[in-house]
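Peer 1: As given, the protein sequences belong to chains W and X, one line each in that order.
This note's numbering puts the first residue of the first sequence at 1, with every later residue one more than the last.
This note's numbering puts the first residue of the second sequence at 1001, with every later residue one more than the last.
Read the hints as simulated data drawn from the structure, not as lab findings.
Backbone N, C-alpha and C define an ideal beta-carbon position, used for all residues, glycine too.
Fair warning: there could be bad hints in the mix.
[Said to hold, decoys possible] To be clear about the criterion: a stretch of chain X counts as covered by chain W if any three or more of its residues have a C-beta under 8 Å from a C-beta of chain W, and this derived list gives those stretches: (1) 1045-1051; (2) 1071-1079; (3) 1102-1109.
[Unchecked claim] Here are some of the chain W residues that sit facing chain X, going by a computed Cβ distance under 10 Å: (4) Tyr35; (5) Gly96; (6) Ala102.
[To be verified] For each label pair, taking beta carbons as the anchor points, the in silico distance ranges come out as: (7) W:Arg67 - X:Gln1014: 43 to 53 Å; (8) W:Gln17 - X:Thr1010: 19 to 29 Å; (9) W:Asn71 - X:Ile1111: 21 to 31 Å.
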Amino acid sequence: KAGVTQTPRYLIKTRGQQVTLSCSPISGHRSVSWYQQTPGQGLQFLFEYFSETQRNKGNFPGRFSGRQFSNSRSEMNVSTLELGDSALYLCASSRGHQNTEAFFGQGTRLTVV
Amino acid sequence: GESVGLHLPTLSVQEGDNSIINCAYSNSASDYFIWYKQESGKGPQFIIDIRSNMDKRQGQRVTVLLNKTVKHLSLQIAATQPGDSAVYFCAESLSGNTPLVFGKGTRLSVIA
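Input sequences plus hints: build the corresponding full structure.
Peer 2: Given below as structure tokens:
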């Protein structure tokens, strides 16, 4: 059974650009959550989707957005990139609408230059 | 608000010894907890979880203890191995209905 798959693994963008990251959850999992991980702030919650609906949203600016498709795959988008957006972006999936037994992908390392 | 913290940011143990990683949480309403292990360059790996109706749960070489009275969580690793070297995070949630809130992490270094 495949785990959570995130693409791409690495990405370099320049300030002002926008970026889209993809997450394919474990087969059968319908809930997807996104987190930003930085050395200074640790793991911070971005948003969570279940059945194509955003269930929760973290305290991030509107430049950060996401969506979920009918096959449970999710994307997150960051517009007008800033240097401070450089981070490891992690996606976690869980089976039901609760965040129990949430499994993470390898993450996408975004570097903004 | 919800917050999760750790007493020790780094922990060094001898190979073969037992390790204990601690976590304090501030939200007394939190009733679901997960421990994750994160190796360099990888995403967090699910280790074990526990609900507040239990005070102890065991897995393979790992035991999680929950003390709701003092809002304390610990992860015990038996016979620590070099492969256990990683950063360990605890996370809390309200019945899994709220986003997981993570602590800053504890780095475990195993000395061979």
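Peer 1: So, for every hint listed, does it hold in this structure?
Peer 2: To see whether the hints hold, each was checked on the structure:
Residues of the segment 1045-1051 of chain X with a Cβ under 8 Å from some Cβ of chain W number 3, which satisfies the need for three, so the listed coverage holds. Remark: the segment 1071-1079 of chain X is not confirmed as covered by chain W, as 0 of its residues place a Cβ nearer than 8 Å to a Cβ of that chain, below the required three. Evaluation of the coverage hint for the segment 1102-1109 of chain X: fulfilled, as 4 residues show C-beta separations to chain W shorter than 8 Å, against a requirement of three. With its C-beta approaching chain X no nearer than about 8 Å, W:Tyr35 sits inside the 10 Å limit, and its interface hint holds.
Evaluation of the W:Gly96 hint against chain X yields a held restraint, the C-beta minimum of about 8 Å falling below 10 Å. The interface hint given for W:Ala102 is met, as the beta carbon of that residue sits about 6 Å from the closest beta carbon of chain X, less than 10 Å. Distance hint for W:Arg67 and X:Gln1014: a CB-CB separation of about 49 Å, consistent with the stated range 43 to 53 Å. Separated by about 37 Å at the C-beta atoms, W:Gln17 and X:Thr1010 break the suggested range of 19 to 29 Å.
Taking the beta carbon of each, W:Asn71 and X:Ile1111 are about 46 Å apart, not inside 21 to 31 Å as hinted.
Hint violations for this structure: numbers 2, 8 and 9, all remaining hints satisfied.
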